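Protein chains: 2
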Amino acid sequence: MAKGGPIRVALLGAGTVGAAVARTLLTKREVYSRQLGRPLEVDCILVKDAAKQREGIPSDLLTTDFNRACEPDVDIVVEMLGVEDPAVDYMAQALMRRKFVVTANKEVMSKHGPRLLELAGENGVDLLYEASVGGGIPIIAPLKRDLLANNIKAVTAIINGTTNYILTAMSREGADFGDALGRAQELGYAEPDPTNDVEGEDARYKLSILASLAFHTPVLRESIYREGITKLTAKDFRYASELGYAIKLLAMASSQDGGIMTRVHPALIPADAPLAKVDGVLNAIQVEGDLIGRVNFQGPGAGFPTTSAVIADILDAARSIAADRPPAPMPEQTNATILPISDLTTRYYIRLTVIDQPGVLAQIATALGNAQISIASVIQKEADAESKTAELVIMTHEAREASMQEALRTVENLTTVAEIGSFVRVEEQ
Amino acid sequence: MAKGGPIRVALLGAGTVGAAVARTLLTKREVYSRQLGRPLEVDCILVKDAAKQREGIPSDLLTTDFNRACEPDVDIVVEMLGVEDPAVDYMAQALMRRKFVVTANKEVMSKHGPRLLELAGENGVDLLYEASVGGGIPIIAPLKRDLLANNIKAVTAIINGTTNYILTAMSREGADFGDALGRAQELGYAEPDPTNDVEGEDARYKLSILASLAFHTPVLRESIYREGITKLTAKDFRYASELGYAIKLLAMASSQDGGIMTRVHPALIPADAPLAKVDGVLNAIQVEGDLIGRVNFQGPGAGFPTTSAVIADILDAARSIAADRPPAPMPEQTNATILPISDLTTRYYIRLTVIDQPGVLAQIATALGNAQISIASVIQKEADAESKTAELVIMTHEAREASMQEALRTVENLTTVAEIGSFVRVEEQ
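So the sequences go chain by chain: A and B. At position 195 of the first sequence (counting the first as 1) the number is 195 in the numbering used here, and the numbers step up by one without a gap. Heads up, the numbering used here is the position in the second sequence plus 1000, with the first residue counted as 1.
Just so you know, these hints were derived from the structure itself, not from any lab. A hint or two may mislead.
[To be verified] With a cut-off of at most 25 Å between alpha-carbon atoms, the simulated BS3-like pairs for lysine-lysine come out as follows:
(1) B:K1277 / A:K144
(2) A:K28 / B:K1153
(3) A:K28 / B:K1231
(4) A:K153 / A:K277
(5) B:K1235 / B:K1028
(6) A:K277 / B:K1277
(7) A:K144 / B:K1235
(8) A:K231 / A:K277
(9) A:K153 / B:K1153
(10) A:K388 / A:K235
(11) A:K111 / A:K153
[Unchecked claim] Calculated Cβ distances over 10 Å to all of chain A for the following chain B residues:
(12) Y1032
(13) A1092
(14) D1146
(15) P1300
(16) A1309
(17) I1311
(18) P1358
[To be verified] Reference listing, derived: stretches of chain B covered by chain A, where coverage requires no fewer than 3 residues with Cβ under 8 Å from a Cβ of chain A:
(19) 1131–1140
(20) 1327–1338
Note that the structure is a prediction, hence the values are computed from the model and not measured. A virtual CB, placed ideally from N, CA and C, is assigned to each residue, including glycine.
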């Protein structure tokens, strides 16, 4: 690591965020260098095709050789490849050569975070990943530092812009899932293959990062319960709204007796809850702690604003290097139990189509009652004279998920029940 | 500074926050010590009356002698006296004896911040003040670190819980200022002498701290334009709501041609703006930067949650001490011009009582037009047959404040104008 001279940054990747970071570092070079008291230089940018012209980026900075990013005079390696391979390998190599590493890669941090952080510690450098969750919103550093005095009770987040855009459209315009998804794809808010977003996998990556940090324990992605938004219909938004609720895809981790409950699924939340008002592609993360109560971080969760988080991490690494400051040690880790969804206790919204005849509700109520679930309200919605069916919307009191699943199987098998249309958990924030 | 042994904390003050910090440090001692890898001990607590019993605080920790807080084995001094004197003097003494200092004192940081931060730098220690603005909400550290890559364009904040509680009551219940204030006083949300809060002075202290940090330039409290909420009436909330606006006391700092515009005053903001939904004693700080766009921090702005911020600073100082880490250097400071309010350009809401006769509006429109101010809408409200007056609500297009003040003087002197009831700036967020 050069002392006194320039601090040299190697960038891996020149996609949307990578190119924006490169251009910003180049155009704001003077400002950042003045703030640091040391010149901050872009050493090289690793790309697949070095011959391709990139606006605002001098072509002599481009390289296709990763080894150039690991030369001895490079201080900071910034990984913005956005895929797992070869990112994880490059990051490990950079850390072992005692480079500070900055990453925007949720997949790598979710799958390999604990190991890479350990590697960073062993090599006396820092691995910074503010941009991996919530785009530009500061949330990793606040969890690492500003909220550290708290026992975190819960993290409740809207951390997938694609699904929040779709749900907002379904709620505002009565659009069905397919139509709202199509529009999101036209506008570039959803990928041609949207599975990762709409099935909650992207949110699960990010939640595993947040939960690991909030609860000082490794939370593996696989241990997080996941359910997507594809089964929601325009009707559910209408009924939820009548009942005073919004529907959001929530990523949640909370501490309860016996361990940590983690899950990603659509949820009814009261229409006046702060998270109910987070619309479109915005992200929001609500943290509840024993000292602070509830605090909320909101902002743009993807795209260009992510540049803010990546460069903040670069400047933080650069300041540590300039001051010859070792990175702050990680707080002691515990090994909490990650609880299965069957241990959840919450309220439920159930929409079901039944044969329109007397005694049906009694059968359903009996099935629920046998599983110790009591009904808070039932509304009979549209009856269809032709098919002789009616639609029921049931809200339950608090019940155990295991009991609810058992009751649902019984209800599903009733000859008077045509279909369980929707089953959504209710989060009274 | 003891190495390897316990890190020792001296607390100054045992008021609401001071006592909560003391109790929390004592009860969570094990947790914090494990996180640090070093025991974290409360060395002493400076109080006025050491004989007074304080629940949960061993009386042998109490002292009335400041020198005990500055003994060589104390590492961190935490100032929670909540007044200017002797806090500023104690802080300076502690810094000169190379103690890390943590403070929750907005008045001291607003008036003496730059000098004390310099003193900390000279002595190789840190002065941390997260708790001085926004209670437990992380905002100082995010401005210092997480948003550092941005050129900040604007900070727009609701940072006084008392006035926000009063304005929320006026808005929701149609209460008048006096009634809403009375209730806030009964509930302990307003002081017996509420001047500092309702006249915007408290918000001005906090804004000077935020603006100095956001714009890397000293922003003196005196240079911030200030206007309180005492002249607002229930009517203004009704009319604003009809026009699609909420009324909030905003603390704002923004960069514009020629310098930084800073001000604390009531403002009409669109009812669907995020800040319009921040109600009651909550605080919210919105930061706009060139990279991030807009990001929002919301949470409880005072009382017990402040403990979270004070202890986060203590843990941060303790981690630096444990790792023998010098504090991060301050980014280079500039010396921007703080602009007078007369340089502001915005829209205005004016409520005035006029003689109910033809030609009055023409006179007012002429007076405004002569000052280059054009009217966006006029609504005639209640006419009073007895006094032969009518009420007009005028919304202007963008205009310069200097022109507006000139026009208001002319309007005020019109014989057909009985009174200018309200004059509120409009912030289109």
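**OP:** Measuring Cβ to Cβ, find out whether P1300 of chain B lies farther than 10 Å from everything in chain A.
**Re:** 5 Å, violated
Subject >> Hinted pair K1235 of chain B and K1028 of chain B, Cα distance within 25 Å >> reply: 50 Å, violated
Original post:
For the pair supplied as a hint, K388 of chain A and K235 of chain A, is the alpha-carbon distance within the 25 Å limit?
Top reply: Within the cut-off at roughly 19 Å; holds.
**OP:** With 10 Å as the threshold, tell me whether I1311 of chain B passes as away from chain A on beta-carbon distances.
**Re:** 3 Å, violated
Original post:
Was A1092 of chain B rightly flagged as not at the interface, with every chain A Cβ beyond 10 Å?
Top reply: Check passes; 24 Å lies beyond 10 Å.
Original post:
Going straight from one Cα to the other, do K144 of chain A and K1235 of chain B come out at no more than 25 Å?
Top reply: 46 Å, violated
Original post:
Can we confirm that no CB of chain A comes within 10 Å of the CB of D1146 of chain B?
Top reply: 3 Å, violated
Original post:
Taking only the CA atoms, is the gap from K277 of chain A to K1277 of chain B under or equal to 25 Å?
Top reply: 9 Å, holds
Original post:
Is the Cα-Cα distance between K1277 of chain B and K144 of chain A 25 Å or less?
Top reply: 28 Å, violated
**OP:** Verify the proposed pairing of K28 of chain A with K1231 of chain B, using a straight-line Cα cut of 25 Å.
**Re:** 45 Å, violated
Original post:
When you look at the beta carbon of P1358 of chain B, is every beta carbon of chain A farther off than 10 Å?
Top reply: 45 Å, holds
Subject >> Given hint K1153 of chain B paired with K28 of chain A - CA-CA distance at most 25 Å >> reply: Roughly 15 Å separates the two Cα atoms, so the pair holds.
Hint compliance for this structure: hints 1, 3, 5, 7, 9, 12, 14, 15, 16, 17 are not met, and every other hint is.
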